[in-house]
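Participant: Chain A is already provided as a structure; the job is to place chains B and C on it using the hints.
Chains as they are written, first to last, in our numbering: chain A, 1 to 232; chain B, 1001 to 1226; chain C, 2001 to 2225.
Don't take each hint at face value.
The list that follows gives simulated cross-link-like pairs (lysine-lysine, DSS-like), each with its CA atoms no further than 30 Å apart [stated by the list, open to error]: (1) K2002/C / K2068/C; (2) K2068/C / K20/A; (3) K1022/B / K124/A.
Some, not all, of what chain B presents toward chain C, calculated at C-beta under 8 Å [unchecked claim]: (4) L1155; (5) V1157; (6) L1169; (7) P1176; (8) A1180; (9) L1204; (10) F1208; (11) T1213; (12) L1215; (13) V1223.
I should point out that these hints are in silico values taken from the structure, not numbers from a laboratory. These numbers were taken from a predicted model, which means no experiment stands behind them. Ideal Cβ positions, reconstructed from N, Cα and C, are used throughout, including at glycine.
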Amino acid sequence: MTAVSAAGVWKYYGDYPALKNISLTVASGACLALLGRNGAGKTTLLRILAGLSQPSRGTVSIAGLAVRDPRARRNIGILGHGIAVYEEFSAYENLRLFAGLYGLADPHRAALEWLERTGLDRVKDGLVREFSRGMRQRLAVARAFLHNPGVLLLDEPFTALDDRAIVVLQSLLAEARSQNRTVILSTHQLREALELATHVALIQRGALAYAGERTPIMLEDPGWLYRTYGEA
Amino acid sequence: MSFFRHAFQIAAKDLRAELRTKEALNASLSFALVILLLFSFAFDPTAEQTREISGGLLWLVFAFAGALILNRSFARELTNDCLDALVASPVSGAALFTGKCLANMALLVAVELICLPVFGIFYNVRWVHRFWPLLLTLILGTWGITVVGTVFSALTVNLRLRELMLPTLVYPLLIPALMAAIQLTTGLLAGQPLAAELTNWLKLLIGFDIIFTALALGLVETVLMG
Amino acid sequence: MKDKLLYAACLLAAWLVLANLSVILLVLPDEAEQGAIYRIIFFHVPAAWSAFLGFLLAALASVAYLVKRNLWFDALAVSVTEVGLVFSIVNLITGMIWGRIIWGIWWTWDARLTSMLVCALLYAGYLMLRRAVEEPAQRAKFSAVFSIFAFIDVPIVWFSIQWWRTQHPQPVFRGGGSMDPAMYKMMFANWVPLLLLFAVLSAVRLRQERARSEIDALRREAHAL
Chain A
1 MTAVSAAGVW KYYGDYPALK NISLTVASGA CLALLGRNGA GKTTLLRILA
51 GLSQPSRGTV SIAGLAVRDP RARRNIGILG HGIAVYEEFS AYENLRLFAG
101 LYGLADPHRA ALEWLERTGL DRVKDGLVRE FSRGMRQRLA VARAFLHNPG
151 VLLLDEPFTA LDDRAIVVLQ SLLAEARSQN RTVILSTHQL REALELATHV
201 ALIQRGALAY AGERTPIMLE DPGWLYRTYG EA
Chain B
1001 MSFFRHAFQI AAKDLRAELR TKEALNASLS FALVILLLFS FAFDPTAEQT
1051 REISGGLLWL VFAFAGALIL NRSFARELTN DCLDALVASP VSGAALFTGK
1101 CLANMALLVA VELICLPVFG IFYNVRWVHR FWPLLLTLIL GTWGITVVGT
1151 VFSALTVNLR LRELMLPTLV YPLLIPALMA AIQLTTGLLA GQPLAAELTN
1201 WLKLLIGFDI IFTALALGLV ETVLMG
Chain C
2001 MKDKLLYAAC LLAAWLVLAN LSVILLVLPD EAEQGAIYRI IFFHVPAAWS
2051 AFLGFLLAAL ASVAYLVKRN LWFDALAVSV TEVGLVFSIV NLITGMIWGR
2101 IIWGIWWTWD ARLTSMLVCA LLYAGYLMLR RAVEEPAQRA KFSAVFSIFA
2151 FIDVPIVWFS IQWWRTQHPQ PVFRGGGSMD PAMYKMMFAN WVPLLLLFAV
2201 LSAVRLRQER ARSEIDALRR EAHAL
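In isolation and in its complexed conformation, chain A is listed as follows (with noise of 0.2 Å):
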């Protein structure tokens, strides 16, 4: 079952292509890492696979459905560079807020029990404004998973994470994929991504350069990827 598909999709700023082109589909509990130098395009490919922003031309669907459908977005998780949470409420209001947006039978439990899983439920009537960095990461993903997404939209996770946040990214990602679900995430750590993805897209000056499986020589020498296809 294809869980996420773009056909065709141009993104143009002006008359400038951001984006050439693009075709990808990824099955459902694929993770895909999308891998390419900055300004290549990654981050405006997935503002318009989370349905942020419409391309010039082509289309995107999420398990079928148009990307600005209510029933898709209630599908889609995504975590961009800002932790889109807000400063002025606590940690609990935060969860309380997203989990009612987005339709969940019981948010006030909800909220309790991701507070609990990203290790927050200590701090859960703080104000987000006094938490640390690593406290801000933890409950910016507590928001993305907290409804249960079929899909992740991960914009460079792996930055500017501390240890404790990577550990419960990094099992939350892991869970995800034993359940079935599709993870799509953009990244410079070639690493961390190359060991949790099963897919691997390459993207250069906007074009697609390659997409395809992960195969065991990307692990062992995560530069081979952007020798073989990319440019210099």
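Facilitator: Below, chains B and C alone, put in the same frame as chain A:
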């Protein structure tokens, strides 16, 4: 219906956040009271003059104070990229917009209801006997300001010079609504009944509100999507 | 070929204006109340018509952009808005000159003049908005939204100000409603060259906007390499 549920959730969130920090509320209220005071010094109107300018004075104060609240409306979503999380969620653009309008409306009407007695005291104007038609005018006029102001708050949120762009774009658009509200208020405070001429201004105000609410609801999703 | 067409249109416009001017200045009689200066109406009113035409075209182009997302429509919108704004300023200035000569004051809150002033403010705001947005597609989208809001507001502004003025009357330029048919005909006759000028200016601006768009894209591509 999830539209209303989402709209109320968003409105509640905004109100809770604002009541916790009271930033925009305090700024708006102090600004309004200061202008009221300044106008009194600047013009030192007689009783007769006050009657003639009361509507204009009040609505200018409301419009300026309102800009502070409206600016904050979408600006508060910029920290930590919260707007992305909201747009990616199942909440529709129209529901997000409506929720914010409701919150902004509540805040602005609260500021106005505080300004009204202050105005009455400083300018020696009796208004209590016309409270209900005045309240109707307040609500209709403020809704016009809120609806146009909120949609452009969404539009200008990512722009440079946001604080300048919002009033520049919104005030000319609001001229018909402000004019109607001003005429109504001046008329009501001068003792005119809500009939004949005044009803025409009332109809204009209602028409404005309906047209621009519909237009805003139709275009807000376009504005929010990147 | 395109250039020749534009030059030809310019020449035609100039010729028509001169032809009209000869009629205006030499043939038509002075108006009863206002004397010689009323002749300014033959530029004052068609300028307003041209301005509103510009704003209407801009609104239509804006809708077309939002539907098709083709930047050509955005270029069209900004071109006709700018030219429309120029004509609205012509209307305002000729109005002020007229007022100064008849009543000795530069500005009265005459309903038509005030409405035109508000429109000019609205569309000046449109141009300011464009300067505040860097990214072309986003700029096009935001200006399109504002253009639609502005155009829908125009009749409401017009109506509310008319009404305000009937309640608190001020002197108006043209007293009664009726006008000598010869004068009416001349207003339309003089609109033709103004429309030609409108078309020429818009075409030139449109071409410039498209060129700028292309340069912008090339620059982005160069930076990316």
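Participant: Take the shortest C-beta to C-beta distance between F1208/B and chain C; is it under 8 Å?
Facilitator: Since chain C brings a Cβ to about 6 Å from F1208/B, closer than 8 Å, the hint holds.
Participant: So, L1215/B near chain C? Judge it on the closest CB pair being under 8 Å.
Facilitator: Hint holds; L1215/B Cβ to chain C Cβ min 6 Å, cut 8 Å.
Participant: Identify whether the interface hint at L1204/B stands, where standing means a beta carbon of chain C within less than 8 Å of its own.
Facilitator: 6 Å, holds
Participant: Does the alpha-carbon distance linking K1022/B and K124/A stay inside the 30 Å limit?
Facilitator: Holds - the C-alpha atoms of K124/A and K1022/B are around 23 Å apart, at most 30 Å.
Participant: Does the CB of P1176/B sit less than 8 Å away from some CB of chain C?
Facilitator: Since the shortest Cβ distance to chain C is 4 Å, the answer is holds.
Participant: Double-check V1223/B for me: the hint is only fine if its C-beta lies closer than 8 Å to a C-beta in chain C.
Facilitator: Status holds, d = 6 Å.
Participant: Would the hint on V1157/B be counted as holding, given a Cβ-Cβ threshold of 8 Å to chain C?
Facilitator: 11 Å, violated
Participant: Just to be careful, I want the Cα atoms of K2002/C and K2068/C compared with a cutoff of 30 Å; is the pair within it?
Facilitator: 26 Å, holds
Participant: Against chain C, run the beta carbon of A1180/B and see if the smallest gap drops under 8 Å.
Facilitator: Constraint on A1180/B satisfied, holds at 7 Å.
Participant: Are L1169/B and chain C close enough, Cβ to Cβ, to be under 8 Å, as the hint says?
Facilitator: Result: holds, 5 Å to nearest chain C Cβ.
Participant: Report holds or violated for the interface hint on T1213/B, using the least CB-CB distance to chain C and a cut-off of 8 Å.
Facilitator: Since chain C brings no Cβ nearer than about 12 Å to T1213/B, farther than 8 Å, the hint is violated.
Participant: Is the Cα-Cα distance between K2068/C and K20/A 30 Å or less?
Facilitator: Judged against 30 Å, a Cα distance of about 19 Å means the pair holds.
Violated hints, listed in ascending order, are 5, 11; each of the other numbered hints is respected by the structure.
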